[in-house]
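Engineer: These are the residues of each chain, in order.
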Amino acid sequence: MLRLAWRLLAGRPALAWLALACIAVGVAARGAVSGSVGAVEDQLSSQARDLIAADLEISSSRPLEGPVRAAVASAIPSGSRTAEARSLTAMAVAGGSAVLCEVRAVGPGWPLAGDLRGEPAGSAAALAADPPAVLVDPDLLPRLGVAVGGELRLGSAAFRIAGTVVSEPGSGGNAFRMGPRIYAGLTALDRAGLAGEGVRAKHILLVALADPAAADALAARLRTSLDLPTDQAEGMGAGPSQSPVTVRSAGEAARQGARAAGRAADLLRVVALFALALGTLGVAALAAGMMRAQAEDLAVLRVIGATRSRSAAVFALQATMVGASGGLLGTVIGCTLALSAGAAMGLPPAWPHLRDLVIGVGLGTIAALAAAALPALALARMEPLAVLRGEAPAPVPRGLGLIVLAVVAALGVSAAAFEARSWVVGPLVALGAGVVVLLMAGLGWLVLPLLSRLKPRAFAIRHGLANLGRPERRPLALIVALGLAAALGAALLILRTSFEAELAPGRLTAKPSFFAISLQDDQREGFTAALAHHGLVPNLKPQVRGRLTAIDGVDAATVAVGATREAERAAHFRRREQNLTWASQPGPGEVLIAGTWPSRSGTCAVETGWASTVGVHIGSRLTFDVQGVSVAAEVTGLRRIDWWTFQPNFFISLHPDTMAGYPAAWLGTIPAMPREQRRALAGSLAGEFPNVSLIDVADAAEQVRKGIDQAAAAVAAIAAVALLAGLAVVAGTAAAGARERRSEAALIRAMGGTSRTVAVAVAVEFAAAALPAALLGSLAGLAGGAILAGGVIDARVVWPWWQIATLMTVLILAATITALLAARSAWRVPPLAALRDE
Amino acid sequence: MTLLARGLGRDYPTPHGQITVLDGVDLDLQPGDSLAIVGPSGSGKSTLLGLLAGLDQPSRGSVTIEGRDLASMSDAEASAFRGRRMGFIFQSHRLLPALSALENVRAPLDLANVPDANARALAWLARVGLADRHDHRPRQLSGGEQQRVAVARALVNDPAIVFADEPTGSLDRRTGGTVADMLFALTSGGRATLVLVTHDEQLAARCARVVHMDDGRITSC
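Respectively, the protein sequence lines represent chains A and B.
Residue numbering for the first sequence follows numbering that gives the first Met the number 0, beginning at 0 and increasing consecutively.
Residue numbering for the second sequence follows numbering that gives the first Met the number 0, beginning at 0 and increasing consecutively.
These aren't lab readings, by the way, just hints derived from the structure by calculation.
Bear in mind that the values here come from a model prediction, so they are computed numbers and not experimental data.
Cβ atoms here follow ideal geometry from the backbone N, Cα and C, with glycine treated the same way.
Incorrect hints may appear among the rest.
Stated by the list, open to error - To give an idea of the interface, some chain B residues facing chain A are shown, with a C-beta separation under 8 Å as derived from the structure:
| # | residue |
| --- | --- |
| 1 | D55 |
| 2 | M72 |
| 3 | A75 |
| 4 | S78 |
| 5 | R81 |
| 6 | G82 |
| 7 | F87 |
| 8 | P96 |
| 9 | L98 |
| 10 | P107 |
| 11 | D109 |
| 12 | A111 |
| 13 | F183 |
Pulled out of the complex, with its shape left as it was, chain B reads as follows (with noise of 0.2 Å):
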């Protein structure tokens, strides 16, 4: 999947003003690709990583993904396009609490109308070593496994693109080890692009490249 970022900027009103937490971003990914995302604390990471899943829409300049821009899509349009062409994983796991892990895992699936969505949601549980625990709530499971739900969750629509914010910030190093081999194991595999934003240097190091920002701008690639 090919992704084009120019003059990306975001700004939010505040009482004191409007403060910019980006600026001036341009980026291009192409398939294949993985990339890593690493700043301070507040320089932007997480905003361009929504900005460019289409989870925000920009201030100014644009989100170009194989050749359509985000902006021009109504909801219902990039949600569909989500569903159908992205994969995401949060730091803290964000599954949803009502539903089983099977069920958690096959929800794109479903929310795209995909026949056989049990079978492969199934399958793909059993590639993260969770298929003894399918029917488990999401509070039934351990960190490490609610994070291995996820990776599953985001992969199972075979995504051209995988979102991953802080993807092992929440986990000891040994259960974070784990998901990050999960996470490259399953997308280097494919023609899957991975973005992942991190605060881990080693983690940030298996990517392809790795991009610094600082104060909302990318200061170096």
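Just chain A, same shape as in the assembly (with noise of 0.2 Å):
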């Protein structure tokens, strides 16, 4: 049966290769994002010690206390070795200039692992000199003014730029960074008051052990020792312990790391299933053009004894070959696109793993499967004789139909759940597709007919429109592929033209100007003074942390962190550290959507996003530890947030009376002034509070810019490869009826029609029908766009007019292109050979 169901496939090798290519570029996006990720994977676990820059590090926001460092001390084996680092944001300022550095404070003995290397060469060396010396980011001296060999300012003290940055270790596989990186002994940064209460700092004690592979075991004993969750070695925070210290080993960074790639990429996988559901529509085209390729010899295998089911098996093998030879091939491929691109950015090769082209092979079977169960179906009912006489076999029935069709949906929405790690992500894309999919599908059923009645009086385009009401060759898997492809291209638009607009410099003038972060409260008189002469007034809240220990006293941290993406979100959000406010009256950029404003002491309305994902409602009883005092307060109210006001605001607003006596740190924000007289005012401002970190908003905007842009850039990478499974059904569609379209095409070229009669009708024919998919489809894109833009992230909906129109002018010509390409055979052949080809 093999040997057969691969002859006759091998009997129609075009039918096969356009088959075997859409599975394969359908595959090949989600491969493309595997080998990413699996890149990262491996780069990080192959310098998993530099990403830490030793073997075991214990940190805390509050200086390491006497008993955390006895059972340290206790716990390593003898032979280990030990250094000290600390990091921070603080002004750097130099010149009257002032810029937000991150600044790492080391001690004697840093890094244990991995190289700190500044150019010129050793300058390293001085930041255990005296004087007082700093390594600094090449990109921090054009923005201070300052050159190597001149001073900045940290704090209260100056230092003197001994080199820049070439290489580091311990970037802990995090790439966001709130500013440059500045280096400074440990020491001379406490000499420079850039320590104690005021200032917010992650304090870090760093073990090299003498043998690196114990470090994993160690670090859990240390957990249990120290009495702190488990599943800290997971990524999941500190425990609810008064004294939060976070315990991991390098293999622990590097898998958090790991984890934190899959996780940005789980979109991308989901778009990449946009990319494997064309391609499966593209099959099932072919699927049924081969289906009536196959008809008569498969008719006459059954005349000479085959079974219904051994026909529709043959036909189901066929099916398999070429999605298993897809899914490998389009893993392959993807897996190559990923290696050039992370050659490109200078990464080791890594090559795919077996999880992936197992992923993919059984991905690429299970659609190519599912693009051929009708056909299979129409095969295993037809009957022989009818088949023989010439006519094709009967349609599956409608209620058979809905039953596959139900089938492959679930499959659909399995695979996305399955992809985005969600159970509702994954589905509500599913969902969102499967809409559009019945909307272009009911758009082929009731415009193609309607195009077909349409009677030009030139032959070519009346035949290329009349083609279109022909039930067998009704482009519906053209039309809902293209759909697709313009609702997700049309989506991303008003997705990234809505972020835009919200980031674009014209808009922020209207949002302040700086961010300004720890502000103690007793420098927040003086603040407000210092402000006041420059005519500003700022916009402040108090604020305290705290962790969230209980919800309706059970203890917060019991949820298991799960597999889901939700889950692990839950979780996240139950165990950080958490940011309480108290105020009032709800401030500039929040409403009150349900409930009542806390209006007594131990109440307080949150944030309406954050309730739903830490699972609380009003009403509910939520149990903080202040700094190990327990602080409660019963949910009255539920907020909105708008973020793109950029005002300091928090998911947790408490009534101020619960809060009494409670020292706090203020967050604030600057109004919005010229951009000259920034750079003033930061610097007069970290010379007066050094301790106070100030953002620039325009800075920070420009980061989340780029951040937006890398994802776009990688999005509509992933959506390209969509497009072109899309092209690939329509290739497939053009090809599925090739053989009729030479025939008809010889018949017109002997009655008189040219080569290019033939090539406008194909023309015709594909952009009618792609022209309705790219409508619809784009603005089923725009509507799941906007509500995502406006109604999810809350950002102003801007809509991206003249871009939907170049996409679908790219989607209708590309189309067509596509089509004239994959039928070019039409005209091609002599008619003489298409007439005897029938």
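Build the complex from these two chains, which are given one at a time in their own frames, with help from the hints.
Structural biologist: Next up, the structure:
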């Protein structure tokens, strides 16, 4: 049977190759995403010790206290080495300019793994020398207007710039930075006043073991002895203890980084699934053509003794061959693309993981079988005599067809959930795609017959349009595929333009100029007065940090982390340090949408998205651990926050009396002002309040914009593959009817038509089908994108009309050109050869 | 229409080497001639018909119609020539399934940009007895009806030469007889030349000339 299936498949090489290409293109998108994630995993895994500059890292937002140090000292084996470091943000000031920097203060012996190298060579040694010196990111020098050998101020102390950073260990797997990096000596930074309560820092104790392989086990033992949650190993933050400490080994840091990369790739994998869905449509179109082409062969087999199930099995076997080979080829192509991209970015080569190959082959096979299900059933039900008389196999009964489609839909939803690692996001995307598919299919049934009734005088145009009215030639797969591609493209376009509009420089003029972080209670009046000199009134909000310990009396950390995206997010939001504020009424950018504003001590209003993620509602009783003191508050209201106002806002806002007497830090914004005045203001504030970090909103917006650009580029690359898959569907549709088309073309040419007549008819047929698909698909994508941008992300929706017009034009042109290329044999084969072929 | 074929031959490449399906064929046809090409399957009849009609390029030799070598014409010229001067009837009707009977008949006129295409096509449908079926699609017509539409389509442009490849081959004897009567009746009134390929000796006998073919060559005239 296998041989027969292969022979029949090889007998239609064009259809077989096109079907394989449809699957391969669909799977290649996923392969590229998986390959990229795999490359990051391999990179992190091979350089795990460099990530934390040691084998083991013990860190805390507070200075590491005696019991912690004692526990570490007793746990680590002899022969181990230790070093200390501290990470914080601080303003670097020089010549009246101030720039927010990420400062890493390092003690003797740091790094315990990896190498800190500076330019000029050996400049890193100056960190331990006196007078105090720093190594800085090369980017910082022009921003401060200084050079190597010059001076900058951090806190209250001046530092000589000994050199610039060339390479550094200890990124922790986190690519995001608040500002340029500065390295300084630990004791020098203490003398600069950047230590103590007013400064938010991460205090780090590093350990290098004689046997690095023992790091994971040692980290687990330390967590047990310090009473820390065991799932810290999975990056779930510190526990609810009074002294929040995090312990992680180099291997755990690498795995956390890899998981973060995997999470970032979830969305890309779902977009990639679009490509596979489109490829499946292509195979469906080709399978229908293949079924018509093979019906006679299989009918003869039935006549000479093959059973119904055997006929269907032969067809299913062919689908399996195409799906599995397409899946394998697609994964290899995708991984090769990822490899090339990685090489361009300087990453070491990462070969496809067996897991990705298996998933790729599995997805390809399932997709091909799903596409071939209806034709296979039609073949199983065919009456051989009718087929041998020249009739096409009867279509599958509607009820059975609907069952098959329901199974295929269920497979699609499951695949989307698997790829998104979410039973919310995945099925929602699948549902959206399903709606577009139904819309497009409905459009096909309604519009194509109408188009076919148009009777323009030109024969080529009339024949092209008339072809759309033939049920067996109605290009539903093409319409659905192009509609999906248009919907995906339009949704991405509206999301991007809406984001960009929110972050556009013109719009930022209405937003604050700076965020001020870590302002202490006793500095508030002075800070306000300093700004008053410039005619500015800051919007300040109090802030204390605490941990959510219980919800309605149940330990908040008992929720299992789980495998889904939502479970991970819920666990993370419950266990992270929470920022609490208090206010007697809603501030700018926040609106109470349910319940009442906290009106008495022991009540709070929470942000609606946070409430849904964490699983609380009005009436829930929350308990926080604030610096060792238990604070309870009942949720009386839900708030919606417009984060795009860039005003200080918090998930949890308590009644002011609840927090009476607690020492607060203050977070605030400084109103908008001309850019040239900002430098001077930042310089003077940094000098007067050295512990306060000022984040330039324009810089932050630029960072966000860059991030969005990078994400958009990645999504656009996968969407481009999806478009390719859509074009493969077009090619498949054109190729599936190639034999008929050749015969008709020969006839037209025999009657006096030219090659051009035939080509125009093909172009009109496909352009006419592509136009409504691109139009309705774009509108559906715009609607979905607008709901996401306006309703979920709260951005102002900007309609990208001209980009949509371009997208539609590109889709229609690409579809028409692809169809012309795929159907070109119709007018290139001599008419006699085509007529004899039938 | 004068048609001259000289030393006509056609080879096809195969994985096992080249095969010759037609070799050394000479033919002269004058206006009003009717010629039947007969012979066993695989003797090269349809290949000869296709070459005479310019539907394929000969490997050697030439076909000259009204003094013009078909091989010297561009694709557009050859198509336009066929549209104006030739009519075709095939064994399996070969109507365009997307078009109605009327649209099929008027297709050659549309391709030649003839102004009163609809009226002329309708008149020809009436002559083959299918005026009341003008808006039917091919799949809604019987085999005989489809072949009658094909006859109307072949003749609607008043061709100088009509090529018919087994025009009754897919029809039962009675229907085939009707179609044949119609074909001869409609072509004999004018000066159209008729070239038909057939296995049917009775049909061949109705032509003024009969050529026999075997193994790619004309064996008797």
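Engineer: Evaluate each hint against the coordinates.
Structural biologist: Hint check results:
1. D55: holds, 4 Å
2. M72: With a minimum Cβ separation of about 11 Å from chain A (threshold 8 Å), the hint on M72(B) is violated.
3. A75: Since the shortest Cβ distance to chain A is 5 Å, the answer is holds.
4. S78: This interface hint holds because 4 Å falls under the 8 Å limit.
5. R81: Since the shortest Cβ distance to chain A is 5 Å, the answer is holds.
6. G82: Cβ of G82(B) sits 2 Å from chain A, so the hint holds.
7. F87: holds, 5 Å
8. P96: holds, 6 Å
9. L98: Because about 6 Å separates L98(B) from the closest Cβ in chain A, which is inside the 8 Å limit, the hint holds.
10. P107: holds, 4 Å
11. D109: Holds, because the Cβ-Cβ distance from D109(B) to chain A comes to roughly 4 Å (cut-off 8 Å).
12. A111: holds, 6 Å
13. F183: violated, 21 Å
Hint violations for this structure: numbers 2 and 13, all remaining hints satisfied.
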